[in-house]
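Colleague: Required output: the full structure, derived from the provided sequences and hints.
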Amino acid sequence: MECLKTGQFPYMLQEPSIVSSKGRPKGVGNRKQDRALSSTQSNSSQFEYVKMKIKKEEVISKRKAKKLENEKNQKKIKTEGGEKAVVICADLSDAYDDDDNEDGLEEAHCEADYGPLLPKYFYDISKDIDEAAYDQIINIRGDGFCGFRALAYQLFDNQDAFMQVKFAMRDRLVEVKNVYIQHFDYYDIDKLERIVTYGIRNEKGDKTINLQKPYHCSMDYWFLAPECAQLAACTFNRPVSVYFAQDAITFLPVFPQKKMKVSVAPLMMHIVTTRGGDKPNHWVTMKLRRSIKLKWPAIDAYHQGVMSDLGKPNDIRFWQKSISFKKREQYQSEKIVVEL
Numbered sequence: 001m002e003c004l005k006t007g008q009f010p011y012m013l014q015e016p017s018i019v020s021s022k023g024r025p026k027g028v029g030n031r032k033q034d035r036a037l038s039s040t041q042s043n044s045s046q047f048e049y050v051k052m053k054i055k056k057e058e059v060i061s062k063r064k065a066k067k068l069e070n071e072k073n074q075k076k077i078k079t080e081g082g083e084k085a086v087v088i089c090a091d092l093s094d095a096y097d098d099d100d101n102e103d104g105l106e107e108a109h110c111e112a113d114y115g116p117l118l119p120k121y122f123y124d125i126s127k128d129i130d131e132a133a134y135d136q137i138i139n140i141r142g143d144g145f146c147g148f149r150a151l152a153y154q155l156f157d158n159q160d161a162f163m164q165v166k167f168a169m170r171d172r173l174v175e176v177k178n179v180y181i182q183h184f185d186y187y188d189i190d191k192l193e194r195i196v197t198y199g200i201r202n203e204k205g206d207k208t209i210n211l212q213k214p215y216h217c218s219m220d221y222w223f224l225a226p227e228c229a230q231l232a233a234c235t236f237n238r239p240v241s242v243y244f245a246q247d248a249i250t251f252l253p254v255f256p257q258k259k260m261k262v263s264v265a266p267l268m269m270h271i272v273t274t275r276g277g278d279k280p281n282h283w284v285t286m287k288l289r290r291s292i293k294l295k296w297p298a299i300d301a302y303h304q305g306v307m308s309d310l311g312k313p314n315d316i317r318f319w320q321k322s323i324s325f326k327k328r329e330q331y332q333s334e335k336i337v338v339e340l
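Using my numbering, count along the sequence shown one by one with no gaps and you end on 340.
Simulated from the structure, these hints should not be mistaken for lab results.
One or more of the hints may lead you astray.
Think about it this way: if two alpha-carbon atoms lie no more than 20 Å apart in a straight line, the pair counts; the simulated EDC-like pairs of lysine to aspartate or glutamate are [unchecked claim]:
no., residue 1, residue 2
1, LYS191, GLU175
2, LYS287, ASP130
3, LYS295, ASP113
4, LYS177, ASP160
5, LYS287, ASP113
6, LYS279, ASP247
7, LYS191, ASP160
8, LYS326, ASP171
9, LYS287, ASP157
10, LYS279, ASP220
11, LYS213, ASP143
12, LYS295, ASP247
13, LYS191, ASP157
14, LYS321, ASP309
15, LYS207, ASP171
16, LYS295, ASP130
17, LYS127, ASP247
This one's a predicted model, so the numbers in the text were calculated from it and none came from an experiment.
Modeller: Structure, rendered in structure tokens:
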């Protein structure tokens, strides 16, 4: 009542027609047409701009730190046996954009900038593989064991299980080495044995690993085709399809088991050139779509002759029951060697 007499109030009354609302002022948001409002309004886009600027600087800082770390990893290191190994990674000189990039989320340029999957345009993929048949490329680690890692992903959905692949191939080679020497006279069996047994003992069933972590190996022990690809087919009793720039070949087992599942798709491997490289130097594989049926590369031209020498019937029709292979018009005998 005293307030009514004096006309003085401890707080200001507000007209009922004026109601303050919580949150963003009306009309202010992320729409482009709302960003040109009066500077007297509390425009939240200014706050978002500062936030994005900070985030952008953090991304650039992390990329620069990763660039320095990868450059160190690219240097030659010595393994326990005194052999030099080279870590494969693309040229990182353009691994991050400058501060003029408005989005602050620049495109990555090196395998290390991605997670387990790479976009399908990251490498130059063979035209023999239908783009609709795969979603992404598996980001296989470039530690010298990439070929065995690609097989491990295909077999176990885990590229880190590559030592299991080496153990299995080693055991199979112990069993068939003499047969390989006799019937695959165009293969370098001694080199095949050195590659497969590198880092492990050349004794069937032995699981000892003679390498220190992180595992690395020099290019002398990288996965080699056709030798390693043929041995993988004989080890896992599955076709192995190898893609590279000049050609694509499917290797079939020459010691097929009596009860084999022909419906199993071939194991896919692809040799690519990493960014910054000038020669094929890295094995990868694809994340295939099950709904798309591929037409696989032509069967190795030597397969029929080897089967005949072994006194075994031609088994191509057996594989063609559920797997479609391309016809080979001209065969070029070529070793697929990865080089830096």
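Colleague: Each of the hints needs a verdict: does it hold here or not?
Modeller: Status of the hints after comparison with the structure:
no.: 1; hint: LYS191 / GLU175; result: holds (17 Å)
no.: 2; hint: LYS287 / ASP130; result: holds (13 Å)
no.: 3; hint: LYS295 / ASP113; result: violated (33 Å)
no.: 4; hint: LYS177 / ASP160; result: violated (27 Å)
no.: 5; hint: LYS287 / ASP113; result: holds (19 Å)
no.: 6; hint: LYS279 / ASP247; result: holds (15 Å)
no.: 7; hint: LYS191 / ASP160; result: violated (24 Å)
no.: 8; hint: LYS326 / ASP171; result: violated (32 Å)
no.: 9; hint: LYS287 / ASP157; result: holds (10 Å)
no.: 10; hint: LYS279 / ASP220; result: holds (16 Å)
no.: 11; hint: LYS213 / ASP143; result: holds (11 Å)
no.: 12; hint: LYS295 / ASP247; result: holds (14 Å)
no.: 13; hint: LYS191 / ASP157; result: violated (28 Å)
no.: 14; hint: LYS321 / ASP309; result: violated (24 Å)
no.: 15; hint: LYS207 / ASP171; result: holds (11 Å)
no.: 16; hint: LYS295 / ASP130; result: holds (9 Å)
no.: 17; hint: LYS127 / ASP247; result: holds (10 Å)
Against the hints set out earlier in the document, violations occur for numbers 3, 4, 7, 8, 13 and 14.
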